[in-house]
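Chains as they are written, first to last, in this note's numbering: chain A, 1 to 113; chain B, 1001 to 1113.
Treat the hints loosely; a few may be bogus.
[Unchecked claim] Residues on chain A that point at chain B, a partial pick, calculated with CB under 8 Å:
#  : residue
1  : Leu41
2  : Gly42
3  : Leu43
4  : Leu45
5  : Gly63
6  : Leu90
7  : Glu101
8  : Gln102
9  : Phe104
10 : Gly105
11 : Pro106
12 : Gly107
[Stated by the list, open to error] Listed below are the simulated DSS-like cross-link pairs for lysine-lysine, each with C-alpha atoms no more than 27 Å apart in a straight line:
#  : chain 1 : residue 1 : chain 2 : residue 2
13 : B       : Lys1100   : A       : Lys55
14 : B       : Lys1112   : A       : Lys57
15 : B       : Lys1068   : A       : Lys70
16 : B       : Lys1056   : A       : Lys57
17 : B       : Lys1042   : A       : Lys13
18 : A       : Lys71     : A       : Lys55
These are computed hints drawn from the structure, not numbers from a lab. Note that CB positions come from ideal geometry on N, CA and C, so glycine has one too.
Here is how the chains run, residue by residue.
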Amino acid sequence: DVKVTQSSRYLVKRTGEKVFLECVQDMDHENMFWYRQDPGLGLRLIYFSYDVKMKEKGDIPEGYSVSREKKERFSLILESASTNQTSMYLCASSRLAGLYEQYFGPGTRLTVT
Amino acid sequence: GESVGLHLPTLSVQEGDNSIINCAYSNSASDYFIWYKQESGKGPQFIIDIRSNMDKRQGQRVTVLLNKTVKHLSLQIAATQPGDSAVYFCAEKSMDNFNKFYFGSGTKLNVKP
Chain A
1 DVKVTQSSRY LVKRTGEKVF LECVQDMDHE NMFWYRQDPG LGLRLIYFSY DVKMKEKGDI
61 PEGYSVSREK KERFSLILES ASTNQTSMYL CASSRLAGLY EQYFGPGTRL TVT
Chain B
1001 GESVGLHLPT LSVQEGDNSI INCAYSNSAS DYFIWYKQES GKGPQFIIDI RSNMDKRQGQ
1061 RVTVLLNKTV KHLSLQIAAT QPGDSAVYFC AEKSMDNFNK FYFGSGTKLN VKP
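Start from the sequences and build out the full structure, keeping to the hints where you can.
Right under this line is the structure:
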């Protein structure tokens, strides 16, 4: 059974804090993704990675960075959390190329106060 | 960029009836589409996919129809059950941007017992 796990289901942080969101997949997938999900806006891609130490900006990378030191782990970093980063964060993984679905984790609901 | 949208934000159906959820996409180069189901508090779950060389694909109680002429995708759920209550959204991918999916904002399906 394929699995994508995220380190926290709920997180509350203060403005200005550095925040780490961790994602681990056990499917040996090359691609990993970070999205945020906000009501009425759908999933928006923040960053993705197609290999260890490789990363590509998505549609809304501002205020975020990522780290992929191991194939199975992809971290999202909020350098200085702001209230407009309050959102649901979803991690996903997929095979490298071709027409393959993305498998999602359960999400982390982050609140920045 | 691409845009993927849904016509109806909320759909209420009676248990046992059939449900139809619609999605419009704008990128005629998109060649792979997925429907996801997202239950409250969970990450999106793959339901069914379809490639652009097909116009219909059936799964267990679900059917996806693709009309490339009008760039329209629909998900049909037969004999809708209370467990089908969730948010459904479509996603598209194009071969010229092979790593990135674009997601619709979702339709909430309410199944009344």
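Hints, one by one, checked against the model:
Among the interface hints, the one on leucine 41(A) holds; its C-beta lies about 6 Å from the nearest C-beta in chain B, closer than the 8 Å criterion. Proximity of glycine 42(A) to chain B holds as hinted, the smallest CB-CB distance being about 4 Å (cut-off 8 Å). The interface hint given for leucine 43(A) holds, since its Cβ lies 4 Å from the closest Cβ of chain B, which is under the 8 Å cut-off. Among the interface hints, the one on leucine 45(A) holds; its C-beta lies about 6 Å from the nearest C-beta in chain B, closer than the 8 Å criterion.
Taking 8 Å as the C-beta contact cut-off toward chain B, the hint placing glycine 63(A) at the interface is violated, the least distance being around 20 Å. Satisfaction of the interface hint for leucine 90(A) is found here, the shortest Cβ-Cβ separation to chain B being roughly 6 Å, below the 8 Å cut-off. For glutamate 101(A), the shortest C-beta to C-beta distance to chain B is roughly 5 Å, which falls under 8 Å, so the interface hint holds. Taken as an interface hint, glutamine 102(A) checks out: its beta carbon lies about 6 Å from the nearest beta carbon of chain B, inside 8 Å.
At a threshold of 8 Å, the smallest CB-CB gap from phenylalanine 104(A) to chain B is about 4 Å, leaving the interface hint in force. With a least beta-carbon distance of about 5 Å to chain B, the hint placing glycine 105(A) at the interface is held under the 8 Å criterion. With a cut of 8 Å, the hint placing proline 106(A) at the interface with chain B holds, because the nearest CB-to-CB distance is about 5 Å. Evaluation of the glycine 107(A) hint against chain B yields a held restraint, the C-beta minimum of about 5 Å falling below 8 Å.
Straight-line distance between C-alpha atoms of lysine 1100(B) and lysine 55(A) comes to about 13 Å, which keeps the hinted pair within the 27 Å bound. For the suggested pair lysine 1112(B) and lysine 57(A), the alpha carbons sit about 42 Å apart, so the restraint of at most 27 Å is broken. For the given pair, lysine 1068(B) sits about 40 Å from lysine 70(A) by alpha-carbon distance, which is inconsistent with the 27 Å threshold. Using a Cα cut-off of 27 Å, the hinted pair lysine 1056(B) and lysine 57(A) is violated, with the two alpha carbons roughly 34 Å apart.
Proposed proximity of lysine 1042(B) and lysine 13(A) is supported: the alpha carbons are some 21 Å apart, at most 27 Å. Between lysine 71(A) and lysine 55(A) the CA atoms are separated by roughly 12 Å; this keeps the pair inside 27 Å, and the hint holds.
Of the hints listed earlier, those the structure fails to meet are numbers 5, 14, 15, 16, in rising order.
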